[in-house]
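Student: One-letter residues, chain by chain:
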Amino acid sequence: MAGHSMTSSAATSREEQGSSGFTKAQFVALCVLIAVLVVGPFFLYPVFLMKLLCFALFACAFNLLIGYVGLTSFGHAAYFGMGGYIAAHCAKVYGLTPELSIIAGAAVAGFQGWIFGWVAIRRQGIYFAMITLALAQMIYFLCVQLPFTGGEDGIQAVPRGKLFGVIDLGPDMSMYWFVAAVFLGCFLLIHRIVHSPFGQVLKAIRENEPRTTSLGYRTDDYKLVAFILSATIAGIAGGTKSLVFGIATLTDVHWSMSGEVLLMTLVGGLGTVFGPMVGAAVIVTMQNYLAEMGAWVTVIQGVIFIACVLAFRRGIVGEIGNLLRVRL
Amino acid sequence: MDEIFGIPAPLLFGQLLLGLINGAFYAMLSLGLAVIFGLLNIINFTHGAQFMMGAFASWMLLNYLGIGYWWALILSPLLVGATGVLLERTMICRLYKLDHLYGMLLTFGLSLIIEGVFRNEYGSSGMPYRIPAELSGAWDLGFMFMPVYRGWVVVFALLSCIATWLVIEKTRLGAYLRAATENAPLVQAFGVNVPRMITLTYGAGVALAALAGVLAAPIYSVNPQMGSNLIIVVFAVVVIGGMGSILGSVITGFGLGIIEGLTKVFYPEASATVIFIIMVIVLLARPAGLFGRA
Chain L
495 MAGHSMTSSA
505 ATSREEQGSS
515 GFTKAQFVAL
525 CVLIAVLVVG
535 PFFLYPVFLM
545 KLLCFALFAC
555 AFNLLIGYVG
565 LTSFGHAAYF
575 GMGGYIAAHC
585 AKVYGLTPEL
595 SIIAGAAVAG
605 FQGWIFGWVA
615 IRRQGIYFAM
625 ITLALAQMIY
635 FLCVQLPFTG
645 GEDGIQAVPR
655 GKLFGVIDLG
665 PDMSMYWFVA
675 AVFLGCFLLI
685 HRIVHSPFGQ
695 VLKAIRENEP
705 RTTSLGYRTD
715 DYKLVAFILS
725 ATIAGIAGGT
735 KSLVFGIATL
745 TDVHWSMSGE
755 VLLMTLVGGL
765 GTVFGPMVGA
775 AVIVTMQNYL
785 AEMGAWVTVI
795 QGVIFIACVL
805 AFRRGIVGEI
815 GNLLRVRL
Chain U
4 MDEIFGIPAP
14 LLFGQLLLGL
24 INGAFYAMLS
34 LGLAVIFGLL
44 NIINFTHGAQ
54 FMMGAFASWM
64 LLNYLGIGYW
74 WALILSPLLV
84 GATGVLLERT
94 MICRLYKLDH
104 LYGMLLTFGL
114 SLIIEGVFRN
124 EYGSSGMPYR
134 IPAELSGAWD
144 LGFMFMPVYR
154 GWVVVFALLS
164 CIATWLVIEK
174 TRLGAYLRAA
184 TENAPLVQAF
194 GVNVPRMITL
204 TYGAGVALAA
214 LAGVLAAPIY
224 SVNPQMGSNL
234 IIVVFAVVVI
244 GGMGSILGSV
254 ITGFGLGIIE
264 GLTKVFYPEA
274 SATVIFIIMV
284 IVLLARPAGL
294 FGRA
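Top to bottom, those sequences are chains L and U. Numbered per the numbering used here, the first sequence spans residues 495 to 822. Numbered per the numbering used here, the second sequence spans residues 4 to 297.
Note that these hints are calculated values from the structure, not bench results. There may be inaccurate statements among the hints.
As the list claims (entries may be wrong) - Computed cross-link-like contacts, SDA-like style, restricted to lysine to any residue with a CA-CA straight-line distance of at most 25 angstroms:
{"id": "1", "chain 1": "U", "residue 1": "K100", "chain 2": "L", "residue 2": "R705"}
{"id": "2", "chain 1": "L", "residue 1": "K697", "chain 2": "U", "residue 2": "H103"}
{"id": "3", "chain 1": "L", "residue 1": "K586", "chain 2": "L", "residue 2": "P540"}
{"id": "4", "chain 1": "L", "residue 1": "K518", "chain 2": "L", "residue 2": "T779"}
{"id": "5", "chain 1": "L", "residue 1": "K697", "chain 2": "U", "residue 2": "K100"}
{"id": "6", "chain 1": "L", "residue 1": "K697", "chain 2": "U", "residue 2": "S231"}
{"id": "7", "chain 1": "U", "residue 1": "K100", "chain 2": "L", "residue 2": "N702"}
{"id": "8", "chain 1": "U", "residue 1": "K100", "chain 2": "L", "residue 2": "T706"}
{"id": "9", "chain 1": "U", "residue 1": "K100", "chain 2": "L", "residue 2": "R807"}
{"id": "10", "chain 1": "L", "residue 1": "K545", "chain 2": "L", "residue 2": "Y711"}
{"id": "11", "chain 1": "U", "residue 1": "K173", "chain 2": "U", "residue 2": "T202"}
{"id": "12", "chain 1": "L", "residue 1": "K656", "chain 2": "L", "residue 2": "V532"}
{"id": "13", "chain 1": "U", "residue 1": "K100", "chain 2": "L", "residue 2": "L804"}
{"id": "14", "chain 1": "L", "residue 1": "K545", "chain 2": "L", "residue 2": "E646"}
{"id": "15", "chain 1": "U", "residue 1": "K100", "chain 2": "L", "residue 2": "A805"}
{"id": "16", "chain 1": "U", "residue 1": "K100", "chain 2": "L", "residue 2": "V533"}
{"id": "17", "chain 1": "L", "residue 1": "K656", "chain 2": "L", "residue 2": "L678"}
{"id": "18", "chain 1": "U", "residue 1": "K100", "chain 2": "L", "residue 2": "I798"}
{"id": "19", "chain 1": "U", "residue 1": "K100", "chain 2": "L", "residue 2": "A698"}
{"id": "20", "chain 1": "L", "residue 1": "K697", "chain 2": "L", "residue 2": "P540"}
{"id": "21", "chain 1": "L", "residue 1": "K518", "chain 2": "L", "residue 2": "F536"}
{"id": "22", "chain 1": "U", "residue 1": "K100", "chain 2": "L", "residue 2": "L678"}
{"id": "23", "chain 1": "U", "residue 1": "K173", "chain 2": "U", "residue 2": "V197"}
{"id": "24", "chain 1": "U", "residue 1": "K100", "chain 2": "L", "residue 2": "P540"}
{"id": "25", "chain 1": "L", "residue 1": "K697", "chain 2": "L", "residue 2": "K545"}
{"id": "26", "chain 1": "L", "residue 1": "K518", "chain 2": "L", "residue 2": "N816"}
{"id": "27", "chain 1": "U", "residue 1": "K100", "chain 2": "L", "residue 2": "V532"}
{"id": "28", "chain 1": "U", "residue 1": "K100", "chain 2": "L", "residue 2": "N816"}
The structure displayed is predicted, hence computed values, not measured ones.
Please model the complete structure; the sequences and the hints are all you need to start from.
Tutor: Okay, structure coming up:
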């Protein structure tokens with residue numbers, strides 16, 4: 495998909511990048527992020543923060559695809575949800591340690607991303623979105639039917655276990671530090687990917703695919719690897735979430751979850767480094783406070799979607815970056 | 004002939020009929036999607052919600068105003084089509100210069116709003132809509148009982164698909180439409196009011212979805228989620244058929260409905276996923292879709 499219209503914020507002047515790949519403004523934002531991660535649990539309920547971090551990581555993984563390659567996946571719930579199911583199953587039935595459970599979930603999600611990406615990349619643009627949505631719906635029906643997912647009940651009472659078999663993650667604070675470390679690690683990994691030579695090719699594909707092909711790059715291979723990476727990280731997010739809450743359910747594989755992560759990324763700012771996590775924070779906080787309003791939450795989400803599409807296509811972080819004339 | 008391939012004939016034909024009915028809805032919805040996509044270059048994610056609105060409009064006409072099925076068959080598509088025109092004029096028309104993605108996001112947001120509002124108002128449990136007296140009862144075909152209403156749905160859906168095809172392929176209006184799909188600025192240069200045509204096309208596509216909704220009301224219970232579950236399957240149907248050809252979407256729609264029905268007989272576990280599996284196979288063999296142009 496030719497994504498030139500959605501990347502106007504990326505067209506701002508090229509700034510000096512340090513050896514870390516962060517611009518000055520991004521480095522400041524990163525310091526703020528780390529400060530918030532450290533101070534956060536002393537002011538806010540750690541379980542809420544962990545939920546927020548899981549969704550923030552999910553949105554960052556999604557943004558890797560939509561923001562940097564210009565591929566609109568409408569089925570990312572499949573990787574998020576499957577990562578959650580596999581991690582929960584490994585931790586509960588096989589008694590694996592949390593890090594191994596999450597790795598197993600991520601591996602299955604990544605494998606699934608490999609197969610689905612291989613199929614979906616045959617078509618572009620709007621068809622790509624429809625194909626990923628249909629494939630994710632197939633996974634949803636599989637999760638309804640397969641015995642190991644527990645159908646409507648999901649997998650319940652998943653133990654958090656002991657990290658590396660040593661550190662007990664049962665207390666919320668120790669689990670929080672683990673989740674924060676996973677989040678920060680994956681976030682830096684995504685940033686590293688985006689600013690590697692590989693990431694430069696991805697952005698070239700987003701801007702002009704035929705031209706990238708003419709330069710000798712096999713664009714389909716690049717798209718597939720990006721797809722697998724995005725699915726894997728989405729699987730890590732899903733696996734971590736299922737361990738935090740001790741439950742994996744059909745909600746996380748449902749198509750509305752794919753819509754939600756899209757909304758988070760859009761609200762925060764497509765193709766921005768910090769946008770997806772800000773968007774996730776906004777949407778998760780909103781759902782938390784409006785939970786008793788029932789179906790009106792869906793209506794409000796729809797209104798936000800429309801407002802973003804019609805008026806704030808840059809998203810929150812994109813707009814701030816535009817005001818300050820920096821890339822965030 | 005009581006058994007065919009070891010399956011009792013009434014069961015087989017019963018599922019075939021159900022498959023045909025599902026196929027009729029797939030055909031009508033994918034047809035509307037294809038017409039809208041052809042001219043507007045937008046995948047109308049609201050299509051499922053508009054199908055649901057068609058069913059609800061006829062339920063409301065009956066329960067609030069006492070207007071029966073036959074009038075609803077005309078009035079509901081007109082009413083829902085009018086809301087479609089309104090949406091196109093106020094929102095969708097602002098997106099034509101942008102990436103396709105935004106059209107999909109906007110219509111997705113709209114479908115969330117519409118379904119959310121209906122769910123608040125009417126809850127998630129469905130409401131019944133009685134089959135009109137003229138179409139109730141069943142025919143004894145010798146090998147199975149055929150409910151009259153189900154036969155009516157298949158025939159009526161087929162007729163409305165053929166009518167749509169005739170309008171697009173054989174009339175002057177349809178010729179303008181096809182020309183504008185190929186090259187809108189040129190058609191506008193010849194003095195055709197293309198923006199108005201786009202608006203009306205969207206309205207017509209929406210009306211077709213609403214018409215399918217009216218037909219579906221007596222078969223399924225009228226509930227706010229009836230469209231969103233269907234629309235994802237219809238997307239797969241559209242990918243399989245390709246959106247290039249009108250007749251192609253009709254044939255694909257009915258064909259996949261029948262295959263789904265047969266799967267329910269021979270391997271029920273796969274009936275929910277069979278269309279997606281076919282989609283994968285078609286994508287591997289013919290990425291442009293059965294009737295699509297690359």
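Student: Can you name, in rising order, the numbers of the hints this structure does not satisfy?
Tutor: Of the numbered hints given earlier, those the structure breaks are 4, 6, 10, 16, 20, 21, 22, 24, 25, 27, listed in rising order.
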